[in-house]
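Protein chains in written order, with the numbering used here: chain U, 4 to 364; chain C, 226 to 461.
Derived from the structure by calculation, the hints contain no laboratory data. Note that the structure is a prediction, hence the values are computed from the model and not measured. Take these hints with a grain of salt, some might be off.
Result set (SDA-like, lysine to any residue): computed pairs, CA atoms no more than 20 angstroms apart in a straight line [said to hold, decoys possible]:
(1) C:300 - U:130
(2) C:300 - U:126
(3) U:201 - C:333
(4) C:330 - C:296
(5) C:330 - C:312
(6) C:330 - U:224
(7) U:201 - C:331
(8) U:27 - U:224
(9) U:27 - U:195
(10) C:292 - C:228
(11) C:334 - U:331
(12) C:280 - C:334
(13) C:330 - U:199
(14) U:27 - U:331
(15) C:334 - U:202
(16) U:201 - U:170
(17) U:201 - U:229
(18) C:334 - U:196
(19) C:334 - U:233
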Amino acid sequence: MKASTVKASTVKASTVKPSTTTLKLAGLVVLAAVAVAFPYVYSSPVNTNYGVYALIFVTVASAWNIFSGFSGYISLGQAVFFGTGAYTVGIAARDWHMNGDGIFLLLPLGAVVATAIAVPFGLIALRVRRHTFIVITIAVFFIFQLMAYDFWFTGGTIGLPAPFLPWQAATFNNPFYFMALGTAAVTIALAWLIRRSKFGLQLRAIKDDEDRALGLGVRTMRVKLSAFMLSAFITGFIGGVWFLYITQVLPSSGYDPLFDLTIVLMAFLGGVGTIAGPVIGALLIEPGRLWLTTRSNIGWLANGYVSEILLGALFLLIVLFVPRGIVPTGREWIKKLRSRGRPAISPAGAAEQAAPAGSRR
Amino acid sequence: MSALLRTEGITKSYGGVRALDDCALEVEEGSITGLIGPNGSGKTTLFNVITGYAKADAGAVYLGERKITNASPDKVFNAGIGRTFQLTRIFPALTVLENMLVPSKTGGKHRAMEQLEFVGIAGHHDQLAGTLSYGQRKLLELAYVLVADPAVILLDEPAGGVNPTLVGQIAARITELNRTQRKTFLIVEHNMEFVMGLCARVAVLDAGTVVASGPPDIIRTDPRVLDAYLGVDVDA
Numbered sequence: 004m005k006a007s008t009v010k011a012s013t014v015k016a017s018t019v020k021p022s023t024t025t026l027k028l029a030g031l032v033v034l035a036a037v038a039v040a041f042p043y044v045y046s047s048p049v050n051t052n053y054g055v056y057a058l059i060f061v062t063v064a065s066a067w068n069i070f071s072g073f074s075g076y077i078s079l080g081q082a083v084f085f086g087t088g089a090y091t092v093g094i095a096a097r098d099w100h101m102n103g104d105g106i107f108l109l110l111p112l113g114a115v116v117a118t119a120i121a122v123p124f125g126l127i128a129l130r131v132r133r134h135t136f137i138v139i140t141i142a143v144f145f146i147f148q149l150m151a152y153d154f155w156f157t158g159g160t161i162g163l164p165a166p167f168l169p170w171q172a173a174t175f176n177n178p179f180y181f182m183a184l185g186t187a188a189v190t191i192a193l194a195w196l197i198r199r200s201k202f203g204l205q206l207r208a209i210k211d212d213e214d215r216a217l218g219l220g221v222r223t224m225r226v227k228l229s230a231f232m233l234s235a236f237i238t239g240f241i242g243g244v245w246f247l248y249i250t251q252v253l254p255s256s257g258y259d260p261l262f263d264l265t266i267v268l269m270a271f272l273g274g275v276g277t278i279a280g281p282v283i284g285a286l287l288i289e290p291g292r293l294w295l296t297t298r299s300n301i302g303w304l305a306n307g308y309v310s311e312i313l314l315g316a317l318f319l320l321i322v323l324f325v326p327r328g329i330v331p332t333g334r335e336w337i338k339k340l341r342s343r344g345r346p347a348i349s350p351a352g353a354a355e356q357a358a359p360a361g362s363r364r
Numbered sequence: 226m227s228a229l230l231r232t233e234g235i236t237k238s239y240g241g242v243r244a245l246d247d248c249a250l251e252v253e254e255g256s257i258t259g260l261i262g263p264n265g266s267g268k269t270t271l272f273n274v275i276t277g278y279a280k281a282d283a284g285a286v287y288l289g290e291r292k293i294t295n296a297s298p299d300k301v302f303n304a305g306i307g308r309t310f311q312l313t314r315i316f317p318a319l320t321v322l323e324n325m326l327v328p329s330k331t332g333g334k335h336r337a338m339e340q341l342e343f344v345g346i347a348g349h350h351d352q353l354a355g356t357l358s359y360g361q362r363k364l365l366e367l368a369y370v371l372v373a374d375p376a377v378i379l380l381d382e383p384a385g386g387v388n389p390t391l392v393g394q395i396a397a398r399i400t401e402l403n404r405t406q407r408k409t410f411l412i413v414e415h416n417m418e419f420v421m422g423l424c425a426r427v428a429v430l431d432a433g434t435v436v437a438s439g440p441p442d443i444i445r446t447d448p449r450v451l452d453a454y455l456g457v458d459v460d461a
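With the hints as constraints, model all of the structure from the sequences given.
Next up, the structure:
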């Protein structure tokens with residue numbers, strides 16, 4: 004086999020400076036320290052409540068991203084798993100007469116049931132592409148909401164209460180905060196590992212050209228379904244945490260269409276398919292939303308619908324001005340700033356450059 | 226020599242149009258076989274049926290002794306048939322090297338880089354594939370099909386829309402793979418010079434049927450072939 008020589012000048016561009024890695028690691032350590040210290044520094048339940056909600060949404064947005072962000076299959080049915088996790092914990096605790104701290108043992112069950120539902124859901128929905136897929140996820144979502152209203156074991160319109168936790172009111176939120184923080188951290192770590200793995204590469208290949216990936220031996224259905232199930236598992240788990248935290252689930256809160264839209268909005272704002280994007284999106288949007296719906300005392304802002312209107316407006320702004328999200332756009336700006344005065348692409352590698360740069364899909 | 230890839234009586238209709246009609250083709254092991262025919266004669270449809278992208282209404286496809294009729298594209302690929310597309314299909318949002326790692330069997334980064342060097346685009350390995358020129362994309366598509374080491378490689382117009390220098394480069398790579406690794410090729414191409422220079426055997430498809438097959442110098446004088454091309458000079 005004849006091997007042509009690789010131009011040295013083009014290879015060096017790929018080497019990562021160790022200082023960047025060190026910086027990133029240091030940043031992660033600082034972030035982790037801030038996250039752990041938060042409930043001690045801002046120990047009021049009002050503040051920790053913001054923390055719990057923000058972390059729940061960081062988890063769900065990242066879980067959504069592992070499937071939808073990587074594969075390009077935009078799902079508007081994530082609440083199916085969230086609500087199922089909540090209802091599973093509620094139904095099991097009621098029927099098995101469970102009380103006290105033991106109910107936390109039910110969280111994995113909620114995750115498993117959500118995953119089991121993801122199998123038929125995925126087998127049906129993942130046969131179709133793009134827009135049709137979105138529509139099917141919405142349909143499945145409403146089927147689940149209806150079932151929650153109408154089945155004999157779901158408590159109907161009044162929903163289900165969570166068993167009482169005899170904890171001190173002042174520190175009630177803290178265990179939930181750390182549970183959500185742990186779940187969020189594991190989810191982000193998983194997303195990072197998957198993005199670097201063959202599995203993640205195959206998901207991204209599916210996003211680019213699914214039929215071509217299939218023709219390269221990638222078992223696309225298996226890959227998509229695995230990611231869908233993993234996403235469901237995480238979301239079902241955190242749905243259970245959410246239920247025990249707010250101590251009640253209703254068909255309209257467990258299976259909430261706005262929940263689906265909010266998750267997608269968070270991911271789009273931060274950057275779909277990136278690791279940090281959904282995290283940043285959730286951290287930016289959820290506290291604001293929570294403040295508007297619960298704490299705002301500015302007359303007209305206190306109306307519960309204002310947050311929904313603002314979310315809609317935000318969606319429009321994102322689509323118009325940062326369609327790819329904060330993280331990818333920000334990266335590009337930094338690159339532009341760094342390469343100012345120098346050509347963006349090293350000429351050595353661009354000898355045959357004829358294709359339009361930045362063309363996608 | 227025996228046929229490594231064989232189709233028997235393949236029939237495929239789209240609506241009322243019969244794209245393939247009782248199509249029988251044999252590709253001998255270790256050969257470079259050309260598949261020519263006028264536009265709309267069913268060449269790409271035959272590729273699609275062989276590789277699982279289209280379902281045959283009737284007929285059978287064999288890889289060696291194994292029947293692979295209407296198997297899904299991933300199964301066909303894993304059985305040992307790789308293909309490229311007429312309109313090159315790469316993964317534009319992945320880097321060139323990442324593209325190489327998508328196939329189910331790749332042999333890792335080292336082998337991926339080897340293949341990129343073999344086709345001559347290793348210098349672009351960390352660029353997004355979407356920034357490659359059209360010709361480079363063709364080479365990338367060839368490289369990531371090769372990385373899985375398929376027994377048979379189907380190329381749909383490998384020289385189409387590519388500059389003459391690159392056409393020569395692609396032809397040289399095909400010859401080398403055929404000689405050193407005894408790879409079997411089936412090539413659809415309109416560039417007659419390319420086909421006649423490269424292929425030991427040529428099959429002519431017309432209206433969905435193989436009307437002639439044999440060595441290139443016999444094919445180019447076959448009246449049925451001249452007829453199929455409606456009087457167009459084959460040497461042109």
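These are the hints, each one checked on the structure:
Of the supplied pair hints, the one linking residue 300 of chain C and residue 130 of chain U holds, its CA atoms being roughly 18 angstroms apart against a limit of 20 angstroms. Distance check on the hinted pair: residue 300 of chain C and residue 126 of chain U sit about 19 angstroms apart at the alpha-carbon level, within 20 angstroms; holds. Proposed proximity of residue 201 of chain U and residue 333 of chain C is supported: the alpha carbons are some 10 angstroms apart, at most 20 angstroms. In summary, the hint linking residue 330 of chain C to residue 296 of chain C is supported, as the alpha carbons are separated by about 18 angstroms, within the 20 angstroms threshold.
Under the criterion of a C-alpha separation no larger than 20 angstroms, the hint pairing residue 330 of chain C with residue 312 of chain C is inconsistent with the structure, at around 24 angstroms. A hinted pair counts as satisfied when its Cα atoms are at most 20 angstroms apart, and residue 330 of chain C with residue 224 of chain U qualifies at roughly 17 angstroms. The hinted pair formed by residue 201 of chain U and residue 331 of chain C meets the criterion: a straight-line CA distance of about 11 angstroms does not exceed 20 angstroms. For the suggested pair residue 27 of chain U and residue 224 of chain U, the alpha carbons sit about 35 angstroms apart, so the restraint of at most 20 angstroms is broken.
Distance hint between residue 27 of chain U and residue 195 of chain U is fulfilled; the C-alpha atoms sit about 14 angstroms from each other, no more than 20 angstroms. A hinted pair counts as satisfied when its Cα atoms are at most 20 angstroms apart, and residue 292 of chain C with residue 228 of chain C qualifies at roughly 13 angstroms. Our distance criterion of 20 angstroms between C-alpha atoms is broken by residue 334 of chain C and residue 331 of chain U, whose separation comes to about 26 angstroms. With a CA separation close to 34 angstroms, the supplied pair residue 280 of chain C and residue 334 of chain C exceeds the 20 angstroms bound.
With a C-alpha separation of about 17 angstroms, the suggested pair residue 330 of chain C and residue 199 of chain U falls inside the 20 angstroms cut-off, and the hint holds. At roughly 17 angstroms between alpha-carbon atoms, residue 27 of chain U and residue 331 of chain U fall within 20 angstroms of each other, so this suggested pair holds. Of the supplied pair hints, the one linking residue 334 of chain C and residue 202 of chain U holds, its CA atoms being roughly 15 angstroms apart against a limit of 20 angstroms. Under the criterion of a C-alpha separation no larger than 20 angstroms, the hint pairing residue 201 of chain U with residue 170 of chain U is inconsistent with the structure, at around 45 angstroms.
Among the hinted pairs, residue 201 of chain U with residue 229 of chain U is consistent with the structure: their alpha-carbon atoms are about 13 angstroms apart, no more than 20 angstroms. Between residue 334 of chain C and residue 196 of chain U the alpha-carbon distance is near 18 angstroms, which keeps this suggested pair within the 20 angstroms criterion. At most 20 angstroms may separate the alpha-carbon atoms for a hinted pair to count; residue 334 of chain C and residue 233 of chain U exceed this at roughly 27 angstroms.
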